[in-house]
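Asks: Chain residues, written in single-letter form:
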Amino acid sequence: MVRTMAISNELKWKLFKGLGILAVLLPFILFLFVPLIYSIWYINPFYMYTFFNTQYKIKIFEFSLENSMMQGLLSALCSFAIGYPVGIIIGLYQFKFKNVLLTLSYIAFFMPSILMVFAFIEFFYLLHFYNFFGLYGIILVNTAFNAPLIAIFTSSSTDHIPVSLIYSAKLLKANIIKIFRKIYFPYTYESALIGFILAFIYSFMGFTAPLMIGGTSNYTMEIWIYILYKSFFDVKGAVTVALLQILILIIPVVIYFVLSSKSMYLSNLSRKKEKLYSKRDYKKSLGAYVLVSLYTLFISIPFFTILYYTLFGSGKLSFSPFLTLFSNITTYKIGIPYINVIINSLFFSSIAMFLSIGISLIVLYFAEELTWIKISIVLPLIVSPIVLALVNYMFYINIFTNVWPIIVIAQTMVSLPIVSRLIDNSIKMVPKNLEYSAMLLHTRRSDIFFKIKLPIIKYTLILSSMLSFVMALGEFGATFFIFTPLFTTIPVSIYEFQSLRDFTLAYSSASILFVITFVILYIVFSKEAYKWQS
Amino acid sequence: MDKIVKGWKFKVLVVVAIVVLATVFYEGYVLYAQNQKSSKATLVIYTYGSLFNYGANPNETKNIVFGTFEKKYNVNIDIEYPNNIMQALESQKSNPQADIVIGLTNVEAPTAIEKGLLDPYNYTNDIPSFLINGLSNNHYLTPYEYSYLAIDYTMSFYNQTKGNVSHSNFLNFLNSTWAKNLILESPLTDTTGLNFLMWQIAFYEYVLHNNNWLSWWKSIKNYALIENDWSTAFNLFTTTNNPQQLVSSYSTDPAYEIYNNGAMNGTFSYNSTLSYYNNTYYGWETIFGIGIVHGSSHLLLDEEFINWFLSGTVQSQIPLNEWEYPANNTVTLPPAYKYAVNPSNVVPLNNYLTQQQIYSNMTSWLEQWQLAMS
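Protein chains in written order, with this note's numbering: chain Y, 1 to 534; chain G, 1 to 374.
Possibly wrong hints are sitting among the right ones.
Okay, derived cross-link-like pairs now, DSBU-like style, lysine-lysine, Cα gap no bigger than 35 Å in a straight line [said to hold, decoys possible]:
#  : chain 1 : residue 1 : chain 2 : residue 2
1  : Y       : LYS453    : Y       : LYS17
2  : G       : LYS11     : Y       : LYS316
3  : Y       : LYS451    : Y       : LYS17
4  : G       : LYS221    : Y       : LYS59
5  : Y       : LYS14     : G       : LYS9
6  : Y       : LYS451    : Y       : LYS432
7  : G       : LYS115    : G       : LYS221
8  : Y       : LYS12     : Y       : LYS428
9  : G       : LYS162    : G       : LYS338
10 : G       : LYS9      : Y       : LYS12
11 : G       : LYS218    : Y       : LYS59
12 : G       : LYS40     : Y       : LYS12
13 : Y       : LYS236    : G       : LYS162
14 : Y       : LYS453    : G       : LYS11
15 : Y       : LYS59     : G       : LYS62
16 : G       : LYS218    : Y       : LYS236
17 : Y       : LYS12     : Y       : LYS432
18 : Y       : LYS453    : G       : LYS9
19 : G       : LYS72     : Y       : LYS17
20 : Y       : LYS428    : Y       : LYS451
21 : G       : LYS221    : Y       : LYS236
22 : G       : LYS162    : Y       : LYS451
23 : G       : LYS40     : G       : LYS72
24 : Y       : LYS428    : Y       : LYS17
25 : G       : LYS11     : Y       : LYS428
26 : Y       : LYS458    : G       : LYS9
27 : Y       : LYS451    : G       : LYS115
28 : Y       : LYS182    : Y       : LYS170
29 : G       : LYS9      : Y       : LYS432
In short, the hints are calculated from the structure, not lab data.
Go ahead and model the full structure; you've got the sequences and the hints to work with.
Replies: Next comes the structure, spelled out in structure tokens:
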């Protein structure tokens, strides 16, 4: 009787699990695989051959691929050179305003690309340097995005360095180079490498920086896709290049997946553990002090430029740009009142946050051990926002009456790979003995998940939700590709104002985005957050 | 009860309920916003962001142009600014969202017509035939303004070149000192850039009788600055201390400059020139058109709007707000226009490149350009 009940429960669970897995896979099937397969069918694989069988296209493909690779590699290397040492210092030292620095680092990475490029151009204008263009400009912008990412990853991995090991090494009079080589590096290189690969992927798929400051000689594959679609009206050509870009990105994404599966990056960022080096050590270490100061200065450039131009754009301190933003002038310019722009942004980002957190949790609940499902979740990484928007737009434009669901889907897909890895790594850290003890006490699976695991990773969940929200809030490429005026978001409004040469409104809108992002992320890193954790 | 409220199932349900409610409210807001517009007939217009934006009071001008029509015909006008008008029309071909399009030029017209994006409307009152034939002789687009493309130069550059810039042509830019001063727009992303490319090809092939027009681009590519759009290029050109002193723009710019900065006393800070060769100025005429989108649901209203747009009331707003010549030849030009390049002294190169040639060669020209600049 007991055996029959056990089998019946097992069957029920399998059925339930099957439904759960289907629920997880459904968004990927509907919004990734089906649109991709549809686009392959739409272009007809033989078209690929025809497309490249022309005199100029194959050459354009070669140089755009070369540019993407070059920009990806150089940007990742520069980001690593800055982010890695800064990450180690942030991880090991205790110093004033560390939370502010971490918050700034997060904002820098999640900042809308349009804002970052725009801010750097204006910053160089302030310095009377008018030719902030070409490859160097692109690398600089990409580094400002990705060095913070590597710094965050590296700093979180320093939490795993056993303090006793360092003390022993010091007692044995090991010099700093030896300590770095034997202790710091082995514990941190994997996380930094993950950051490096992500930096490569994001820079390879670069869109805004090469478009705005790169010039034709620095056009990437992503820009060619955009130009084929928007300027040549060659949808088939755009899809062909998009599919090739996906194929090229499979290799780095697989490496990212393998490394991130075993690494604990970002998993315990919030742990308020004792730091190896005190504030006093920090002040004494001139190298660390200078490096962190320069890094802070570097990543603060866009923020201060934006705030400066918003508040002092007219030559004296004035808040009137914000009043203009909420006046009917905005409606004339972009078609809807600015308050509706804010409502759109907040709504899309909230739904995208809910979806990405929900999907990540369902995966962990039903398929914690199923690697292929986790791979599916990371797959959007190989599909750039422009490609994601292109294939979804092609497939759904005649299905949805409005485009907003496609915007939400694109924003969810963009944040999902990062958020899901974050939660996955965090849940791996829950002591297994707790789960086993609960199972021995016949605790239901759902109760183990919701009453034991989730409360333990509560802080990571809050952090992930906030990051997901902020990523969706700042998403520009896909939203820009799809939006209609009724569904304008804050990043799109910045671009629109900038296109209309209304810099006052562009800066005011940018400041609003910056303030929302900063407040959210600062809360995450503030003392309150540690209270939630405890 | 307390146990239920604290239970995880309750929390999950609350979160899901909030999300569902938020979605319902948002969808309600979208429906409200759309219904608000549809209580009256709505004319959806696709155009470019700077339309009527360069005058003293853009809001007032827009009110005269669009507000008056709304009141007169008891309709709503919904103006939308797609990032790329042609692409927006093409992607919505099976389900058109716009009724009227304003701002397609003679270079884009052949593609728009060939792709079946427009419906013809025969409006010829007070419009010179050279404009109608230059834009669309089968009336798919009606001209509303025009001007020659030009190279704007600062007076400082004029002095540096001892006045040579005022009768220069493309060949002068083979000199790197000149090329370093030049700001152009990319033909891949901008209409002005596209028209400039046509001007350069036509000048090389039909004035210089040299088919190797790409050699000019290869020669300047390491020196000239290529911007994504005209606004950015022009804004950079007019920025104080900017090192570049030449920009590809329009031959009416001197009128704008005198009117706004020269206080009508004839003091220029910049002026314009075209391609001067064998004692003749050659130029490329950019003709802007208004048209009815194929599949528009209220053709009569669309036609009324075009009639209104070409009437003296709207056309008289063109010179000081669009800084172009109005297509309606009954409109009197403001005095500032005497400082603009006189179009009657220019040989239009448009006559050498037929619309069929433009349509057939456009992709190849753009690809060659892209490769040359890479």
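Asks: None of the hints should be skipped; say for each whether it holds.
Replies: Quick rundown of the hints versus the structure:
1. LYS453(Y) <-> LYS17(Y): holds, 18 Å
2. LYS11(G) <-> LYS316(Y): Outside the cut-off at roughly 50 Å; violated.
3. LYS451(Y) <-> LYS17(Y): Roughly 19 Å separates the two Cα atoms, so the pair holds.
4. LYS221(G) <-> LYS59(Y): holds, 18 Å
5. LYS14(Y) <-> LYS9(G): Holds - the C-alpha atoms of LYS9(G) and LYS14(Y) are around 21 Å apart, at most 35 Å.
6. LYS451(Y) <-> LYS432(Y): holds, 14 Å
7. LYS115(G) <-> LYS221(G): holds, 33 Å
8. LYS12(Y) <-> LYS428(Y): Given that 35 Å is the threshold and the Cα spacing comes to 26 Å, the pair holds.
9. LYS162(G) <-> LYS338(G): Status holds; Cα separation ~23 Å.
10. LYS9(G) <-> LYS12(Y): holds, 19 Å
11. LYS218(G) <-> LYS59(Y): Measuring from Cα to Cα gives roughly 16 Å; hence the hint holds.
12. LYS40(G) <-> LYS12(Y): It is violated: about 56 Å lies between the C-alpha atoms, which goes past 35 Å.
13. LYS236(Y) <-> LYS162(G): Status violated; Cα separation ~52 Å.
14. LYS453(Y) <-> LYS11(G): Given pair LYS453(Y), LYS11(G) holds - Cα atoms ~15 Å apart, limit 35 Å.
15. LYS59(Y) <-> LYS62(G): This hinted pair is violated, its Cα atoms lying about 46 Å apart.
16. LYS218(G) <-> LYS236(Y): holds, 29 Å
17. LYS12(Y) <-> LYS432(Y): With Cα atoms ~24 Å apart, LYS12(Y) and LYS432(Y) stay inside 35 Å; holds.
18. LYS453(Y) <-> LYS9(G): holds, 15 Å
19. LYS72(G) <-> LYS17(Y): Violated: LYS72(G) and LYS17(Y) sit about 64 Å apart, past 35 Å.
20. LYS428(Y) <-> LYS451(Y): holds, 16 Å
21. LYS221(G) <-> LYS236(Y): This hinted pair holds, its Cα atoms lying about 30 Å apart.
22. LYS162(G) <-> LYS451(Y): Distance ~83 Å between LYS162(G) and LYS451(Y) Cα, so the pair is violated.
23. LYS40(G) <-> LYS72(G): holds, 13 Å
24. LYS428(Y) <-> LYS17(Y): holds, 20 Å
25. LYS11(G) <-> LYS428(Y): Holds: LYS11(G) and LYS428(Y) sit about 23 Å apart, inside 35 Å.
26. LYS458(Y) <-> LYS9(G): Holds - the C-alpha atoms of LYS9(G) and LYS458(Y) are around 16 Å apart, at most 35 Å.
27. LYS451(Y) <-> LYS115(G): Answer violated: LYS451(Y) to LYS115(G) is near 61 Å, above 35 Å.
28. LYS182(Y) <-> LYS170(Y): Distance ~12 Å between LYS182(Y) and LYS170(Y) Cα, so the pair holds.
29. LYS9(G) <-> LYS432(Y): holds, 23 Å
Consistency note: the structure conflicts with the earlier hints numbered 2, 12, 13, 15, 19, 22 and 27.
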